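*Asks:* Letter by letter, the sequence shown follows residues -30 to -1, 1 to 444 in mature numbering (1 follows the signal peptide of the UniProt record, and there is no 0).
Calculated from the structure, these hints are not laboratory results. One thing to keep in mind: the hints can contain errors.
[Said to hold, decoys possible] Straight-line distance between alpha carbons at most 20 Å, and here's what the computed SDA-like set of lysine to any residue pairs gives:
1) Lys187 with Pro165
2) Lys57 with Asp391
3) Lys57 with Pro43
Model, not experiment: these values are computed from the prediction.
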Amino acid sequence: MHSRFRRRACRALFACLAAVAAVAAAPALARPAVPEQETLAFVDVHVLPMDRPGVLHNHSVLVDGGRIVAVAPSLEIPEGARVVDGKGRAWLLPGLADMHNHAHAPQDQELLLALGITTTLHMGEAPNSFVGRMRHAVANGESAGPRILAALAVDGSPRYGHLVVADAGDAQAAVRLASRNGYDFIKVYNTLSAPAFEALAREAREHGVGLVGHGVKDVGLQRQLEAGQSLVAHAEEFLYAFFPEPSDADPNAAPGEEQMQGAISLLRRHGATVVADLVTYEAIARQWGRPEVVESFLRSPESRYLPPQMRVCWPRQGYSRRDGSLDARLQFLHRFTKAMDEAGVPLLSGTDAPSIPGLVTGFALHRNLAALVEAGLTPHAALATATRTPGEFLRRHRPELPLTGVVAGGARADLLLVATDPLRDLATLASPLGVMADGRWYPRDDLEARKAAIRAAYAAAAASAREAEAGAAR
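Model the full assembly from the supplied sequences, consistent with the hints where possible.
*Replies:* Spelled out as structure tokens, the structure:
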């Protein structure tokens, strides 16, 4: 390695470590306590049930013990129950789900919650403490956050920091490790060998662990879905592991429209689900070959909620130093996503935040919902990708879990209260009047206090990291 590059790399690493340490050491603003589960009635609200079309106007919803007890035009409210009065103006809908992110800091969980996200699927690279402690702390009411599900990422190479699976023995060990350590899914990555993938698929079936992930180059998505992979982690994976490769003359060329139907037929044949994270590819395309775009991301209002170590790492990712343009592929993915929706392929919203420069935890999900509407989905269909469809996907893999993603009797009490009709303007979802997670009610003041504490801690940590980096440069 060139000595100058080595010095820069060392400084970047030092700054990242300093930023992490500074977050831990920064004086924290007081956060509200985690509320208890309680009996609560939402009255005179407009309900988007999401298990059917339409709106239930001026209804009441009764919650007790972390479950929705009843939904009706009027209800007898138990004595001592808390009442949240919508006054005929507020809208109640299921809490949202981000079904592909890499957000594992405690602050990430509070931010997700503050933005109406009550279920999160972490897709790999989390520290063991996240799965071993954080998810249990949230489930037990010790920490504020969404319900956490997690995938163990495996690959054929250590290049991206995943668990390496080289053969059948490794595959058996990986699936057992995931099962014993509380992971909900195995996520396959790009460079697995075909024998290793086949062994993983067999072991996952035998142990009842869901198989999800990328397209594997040496296997291809057709064989992956035939072998039991139930979720494609990005719609763009079809560009790499299903559609014909473009010519050397234009390596970023988009597939032809006539090729969509084969992918859609494959998905329908196997009942597979796709994470329609348009916002991810949009962010990559926007910064492709343009370092100044990454700098603009770091000046955005949302970046106040970006962990300081990501401020150091985002500019050092490689997308902004690539050649060509991804615009044609991005437009193809918009059309492909609309075609999948029209064909009835189950779609989930996800973000890849905060790993991709430009995608801040929580905020990125709201941008993805807007992107889905821009691609041609109706607002109701876009909203289903973050409510009902994630609930259906989770029930298929984890039938012991309560019903979620709908406002219906017996469902888990994950709810989002907003000021205006989200079907007219999805942006209202990012400014909740309150969020209920597992029957715990977080009113707006509580959510804003948590966001303020995150901003303050990150601002102090970023200042400390800048001082540390300046010292390392001297």
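*Asks:* Look at each hint and say if it fits the structure.
*Replies:* Against the structure, the hints:
no.	hint	result
1	Lys187 with Pro165	holds, 13 Å
2	Lys57 with Asp391	holds, 14 Å
3	Lys57 with Pro43	holds, 14 Å
Checked against the numbered hints given earlier, this structure breaks none of them.
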